[in-house]
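Trainee: Fit chain B to the supplied structure of chain A, relying on the hints for placement.
Protein sequences appear in the order of chains A and B. The number in my numbering is simply the position in the first sequence, starting from 1, with 557 added. The number in my numbering is simply the position in the second sequence, starting from 1, with 557 added.
Take the hints with a grain of salt, since some may be wrong.
If chains are identical, the list can't say which one is meant, so a pair holds when it fits in one copy or spans any two.
Computed list of lysine-lysine pairs in DSBU-like fashion (alpha-carbon distance at most 35 Å, straight line) [claimed, not checked]: (1) 570 x 716; (2) 570 x 677; (3) 677 x 716; (4) 677 x 580.
To be clear, the hints were calculated from the coordinates, so they are not data collected in a lab. Note that this is a predicted model, so its numbers are computed, not measured.
Here's the letter readout for the chains.
2 protein chains.
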Amino acid sequence: MCERCYPGNNAVKHIPYDQYLDKVNYRLSHSGVFLTSHKDKDNTMVMGWGGITWYWRRPIFIVPVRTTRYTWHAINETGVFTVSVPLNDELREAMAFCGSKSGRDYDKFKECNLTALPGKFVRVPVIGECNLHYECKVVFKQTMEPSLLDGGIRERHYKEHDFHTMFYGEIAACYLTE
Amino acid sequence: MCERCYPGNNAVKHIPYDQYLDKVNYRLSHSGVFLTSHKDKDNTMVMGWGGITWYWRRPIFIVPVRTTRYTWHAINETGVFTVSVPLNDELREAMAFCGSKSGRDYDKFKECNLTALPGKFVRVPVIGECNLHYECKVVFKQTMEPSLLDGGIRERHYKEHDFHTMFYGEIAACYLTE
Numbered sequence: 558m559c560e561r562c563y564p565g566n567n568a569v570k571h572i573p574y575d576q577y578l579d580k581v582n583y584r585l586s587h588s589g590v591f592l593t594s595h596k597d598k599d600n601t602m603v604m605g606w607g608g609i610t611w612y613w614r615r616p617i618f619i620v621p622v623r624t625t626r627y628t629w630h631a632i633n634e635t636g637v638f639t640v641s642v643p644l645n646d647e648l649r650e651a652m653a654f655c656g657s658k659s660g661r662d663y664d665k666f667k668e669c670n671l672t673a674l675p676g677k678f679v680r681v682p683v684i685g686e687c688n689l690h691y692e693c694k695v696v697f698k699q700t701m702e703p704s705l706l707d708g709g710i711r712e713r714h715y716k717e718h719d720f721h722t723m724f725y726g727e728i729a730a731c732y733l734t735e
Numbered sequence: 558m559c560e561r562c563y564p565g566n567n568a569v570k571h572i573p574y575d576q577y578l579d580k581v582n583y584r585l586s587h588s589g590v591f592l593t594s595h596k597d598k599d600n601t602m603v604m605g606w607g608g609i610t611w612y613w614r615r616p617i618f619i620v621p622v623r624t625t626r627y628t629w630h631a632i633n634e635t636g637v638f639t640v641s642v643p644l645n646d647e648l649r650e651a652m653a654f655c656g657s658k659s660g661r662d663y664d665k666f667k668e669c670n671l672t673a674l675p676g677k678f679v680r681v682p683v684i685g686e687c688n689l690h691y692e693c694k695v696v697f698k699q700t701m702e703p704s705l706l707d708g709g710i711r712e713r714h715y716k717e718h719d720f721h722t723m724f725y726g727e728i729a730a731c732y733l734t735e
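With the rest of the complex left out, here is chain A (with noise of 0.2 Å):
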């Protein structure tokens, strides 16, 4: 085991944040990536947006949630949240049901076969049937300004006025499991 992973917790490989920068970036603009949270209970969203920066000498993990979704309200209490990404296919179903249902409704994990994998360093799960995860803890956040946004696209993606959030969480921790 990890002597930086929790008792209990699987053994995982640690890896620098940026080893898989290109892999990240086409998950997320291609099929999305699992945005995981806790506050009453575990819950995961798909995220198409966003991306891995470097702001304050540190890195940054950007995810836009919109102030709606039950995933925000975890997230803008609790300041921390997990990014699991699939490194194919397979879980394409699990993620059309994660990506179109709300937290609110569902046991997303039971309703899935999803695994919730305890986090080594927030108090969040990573989901155990992707390889590689990212743990964060916010330290900024912001809501968008509307008149600040170009107007095509406020046209195109928020007709319902439902603005994203944008959470910056500290990259605490990358790493890969089996």
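Mentor: Relative to chain A, chain B alone:
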């Protein structure tokens, strides 16, 4: 000459925006990249934070610029900028100068013998001595709300209360020059 280039410009090799994610992130976080703008004159600064992300189904280069910077006024008013990435350490001296002096006081292109190659999609030059370039159009911008930032980061990086505006620039072109 590339058919997508304005007549009279040097030929370039257009590449996918995500071909050099690793290199951009490495240069950003280790030595910096050139952030170039044009208002009354061409000007460039060195940027060490930010990154390439994916938002609104398009590639977005997020560049943070302090509101006190000469560059800030140019980007804020014109809505366009370029990022030029050196792929080695040859430009160390120019980076030291451009990263510490203000465009208010110097013509940095002249002082550092930098070549301003005309942009192909935006009216801002790229730095001829670099190899990798991004031309960007701002589609969203927002100045940081200090109260939403981690206290430690605020203390360490914003002693002068000179907070950043995050400029979200859609990548209109990405290419290599020789």
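Trainee: Look at each hint and say if it fits the structure.
Mentor: Quick rundown of the hints versus the structure:
Within a single copy, residue 570 and residue 716 get their C-alpha atoms no closer than 42 Å, and across copies no closer than 38 Å, so neither meets the 35 Å cut-off. Taking the shortest Cα distances, residue 570 and residue 677 sit within 35 Å of each other inside one copy (12 Å), while across copies they are farther apart (44 Å). In this assembly of identical chains, residue 677 and residue 716 lie within 35 Å of each other by CA distance solely across copies; the values are 33 Å between and 38 Å within a copy. Both within a single protomer and between protomers do residue 677 and residue 580 lie at most 35 Å apart by alpha-carbon distance, with minima of 22 Å and 29 Å respectively.
Comparing the model with each numbered hint stated earlier shows that hint 1 is the single one that does not hold.
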